[in-house]
Amino acid sequence: MKHKIINKKLFYVILLSFVSLSLFVYNCSVVLADLKPFTLKNASIIEKSESVNGTITNNTDSIIDNDIVFHKLNDYVTYKLVITNNTDKQLTIKSIEDNNSDKYIEYQYDEYINETVESKDDFEFIVKATYKNEQNDLSKRNFSNNVDFIITYLDNNNNSSSSTINPRTYDNIHIYFILLIISIIGLIICISYFIKQKNKKCLNTFIFILVTIVFIPIAVNAATLTVTFTLKSNIGLYDKLAVTRVVDGNEETLIYTYENLIAGLEEPSKEGYNFLGWTYEDGSDVDSSKPITDDVKVIAKFEKKHYSLVFNNNTNDSSVTGTMNNQTEYYGEQANINSNGFTRSGYKFMGWNTKPDGSGTHYDDNASINLTTEGEINLYAEWLQLTANLLEGETVNDLMADLNEDMTEFKKSNSKPDLDTVNYKIISTTDSSTPVYIWNDNGTMYWWSEADKVYMNSNCNRMFYGFTELTNIDFTSLDSSKVTTMDFMFQYCRSLTTMDLRLDTSNVTSMDAMFANCTGLTSIDFSHANLSKVQNFHGLVAGCTNLTNINMNNVNVEGAISFESMFSTLPYLTELDLSSFHTPNLESIYFMFLRCNNLSTIYATDQLDISHVTDTRGPLNMATSIVGGAGTVYNVTTAKNVSYFRIDDPDNGKPGYLTLKNARYIRYNGNGADGGDNMTSHYLTTTNPGNLKSNTYTKTGSTFVGWNTAPDGSGDSYTDGQLMNTLEASKTPLTLYAQWE
704 MKHKIINKKL FYVILLSFVS LSLFVYNCSV VLADLKPFTL KNASIIEKSE
754 SVNGTITNNT DSIIDNDIVF HKLNDYVTYK LVITNNTDKQ LTIKSIEDNN
804 SDKYIEYQYD EYINETVESK DDFEFIVKAT YKNEQNDLSK RNFSNNVDFI
854 ITYLDNNNNS SSSTINPRTY DNIHIYFILL IISIIGLIIC ISYFIKQKNK
904 KCLNTFIFIL VTIVFIPIAV NAATLTVTFT LKSNIGLYDK LAVTRVVDGN
954 EETLIYTYEN LIAGLEEPSK EGYNFLGWTY EDGSDVDSSK PITDDVKVIA
1004 KFEKKHYSLV FNNNTNDSSV TGTMNNQTEY YGEQANINSN GFTRSGYKFM
1054 GWNTKPDGSG THYDDNASIN LTTEGEINLY AEWLQLTANL LEGETVNDLM
1104 ADLNEDMTEF KKSNSKPDLD TVNYKIISTT DSSTPVYIWN DNGTMYWWSE
1154 ADKVYMNSNC NRMFYGFTEL TNIDFTSLDS SKVTTMDFMF QYCRSLTTMD
1204 LRLDTSNVTS MDAMFANCTG LTSIDFSHAN LSKVQNFHGL VAGCTNLTNI
1254 NMNNVNVEGA ISFESMFSTL PYLTELDLSS FHTPNLESIY FMFLRCNNLS
1304 TIYATDQLDI SHVTDTRGPL NMATSIVGGA GTVYNVTTAK NVSYFRIDDP
1354 DNGKPGYLTL KNARYIRYNG NGADGGDNMT SHYLTTTNPG NLKSNTYTKT
1404 GSTFVGWNTA PDGSGDSYTD GQLMNTLEAS KTPLTLYAQW E
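When the letters of the sequence shown are read in order and numbered with this note's numbering, they come out as residues 704 to 1444.
What you were told as hints is all true, and nothing was included just to trick you.
Below, simulated BS3-like cross-link-like pairs (lysine-lysine); rule was C-alpha separation at most 25 Å, straight line:
| hint | residue 1 | residue 2 |
| --- | --- | --- |
| 1 | K783 | K831 |
| 2 | K1185 | K1051 |
| 3 | K935 | K744 |
DEER-style ranges, computed between Cβ atoms:
| hint | residue 1 | residue 2 | range |
| --- | --- | --- | --- |
| 4 | G975 | I1129 | 52 to 60 Å |
| 5 | A966 | F846 | 28 to 36 Å |
| 6 | D1121 | M1053 | 26 to 34 Å |
| 7 | T1031 | S1062 | 21 to 29 Å |
| 8 | T1098 | T1179 | 16 to 24 Å |
| 9 | N1428 | S1346 | 31 to 39 Å |
| 10 | E814 | T763 | 22 to 30 Å |
| 11 | T929 | E821 | 18 to 26 Å |
These are calculated hints, taken from the structure and not from any lab test. Just so it is clear, CB atoms sit at the ideal spot from N, CA and C, and this is done for glycine as well.
Construct all of the structure, not just a fragment, from the sequences and the given hints.
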């Protein structure tokens, strides 16, 4: 019974609450009937900073879509929203508010408080958006910002809508509160009862609770007389621009201020490459004088380093042939040096060197290289001189005789022999770099070698000994600098007629019988030979029975010990100039001119020193035609006397058989003088004229007036002490007679 009473009371409570809620919803419906009294007619950007990029992309009756990019702090953009009163009523704008929460963009506008808008009329809502706070995080420069502008208004007409319950404008607010309190009390009673009963039969009560909970906020919201316009902005804050520096695929972002220049970019380095500059993504060069207005990517442009190998033949030798172009290779890449294209006669190519003198880095031909450098690299050819050493002279003699003992000529061939068809001999030692071949061709003994230097053996004794038909020997391509002995080298080469000894004899110590018995020899020239170390000249040209001319001009024989039989048995030799002979070590001149029976003059100087000669046997035996420079003639006895091998100076007690070249013996005669000092004879030369001696003779009662070649003064006259610059050389002494008055 009690349970039923409670249900009945509850029923009345629910009924009262339902009635209150119905009245509340009714009032809200009146407000909703006037929904969207204002609509957006048009939106535009009427002003903006010069650096701002902004466009309105779309707008509806309440939403404005736009894209804005700010480039500088305090940049701004001003919007003009043209809003239309769509109702038939005069509306008053009570307030305008926004819900902007963005910390970077600030919105400014007039609030238009109590401004009326007539029916169907427009009003302009001006909004200024300003970039106020700097954004330094480049990843957050782009964002969307939706700002709602809420316009609250009043209906100014005296019609039924004037009794509308509007809590925002406070019209009839007390009624709104009464209805709302009744609804809330009823809601609380329903909830309490539901909790106590926990009965499925209370389903209608539960449904009521839910409906009430949903309708109250809807009703409250609907009861508010507002209209909202939304500014939907896609914003970009680009006062800080990203310059992305790309180096070999690696990116680094640098921050630049808008409209600054791209300058001061650090020059990158890349192993093996040269930096050429910066380019944009399209490949064009970066213009550092152009301000940047947007993000940009700059890419480092590199060029692979390269180097050029410059090949030098490294010699002035005209025999070098071939050319080589420069070879270009790249830094740090494997390559092979081009094959050598140079050839050099007598030399073997050994590789390359970075220094001409071989003190640098060596590379083999076709060497594999991996160089980390650039520019030009000079490579200089390294040459190994091919040398060959001849066998000893007597051995070479035997080998040549095996080929042709009647050979007439010895010389170098211009080309290598065909070893398959030619009968050849090798005359070089086994330690030679390359062989020396000889072969006979119609009486000519040819030799050839790939070697640049072919050295004659230190022992050249008998090298051409006994080749009686030999008429010509060409030593042009043979190096005799190592030769020490030339004994019997050309002995019995009877067909030789002339010989110009142009061999390098600087180390020769012995020339015994070198040209002995070369009976066809008529002329021999030693003037180009260095004989300074030769000690033994025994029989040098002895027995060359047709020899008429021996040139010993400027020959150095300081090392000579023996001249024994040096010029013996030369029946046609009439004159010999030994003026260059300086013999500080000479010990023997035995038979030096034996049987030179037509030899009349031997020119010499006091430098031909015989003070150390120990062999007292005479040098001029049977040289019956010899006459000294002052007229001393051959005497069989004195010719055997070593002491007579000197400059002829008979008036001073030194008769001899040698003649001072280009000179004349001067004698002075007192011609009746009866007092004064005796005047000694002397030589004057034509090449270095001297003066006559001053007179020392006296004659009582007479005065000396000069000299004459005749006692009676009928000859040539000379003054006392006269310079004899017109003197002619002669082996006849010039006797001068004093002239008296």
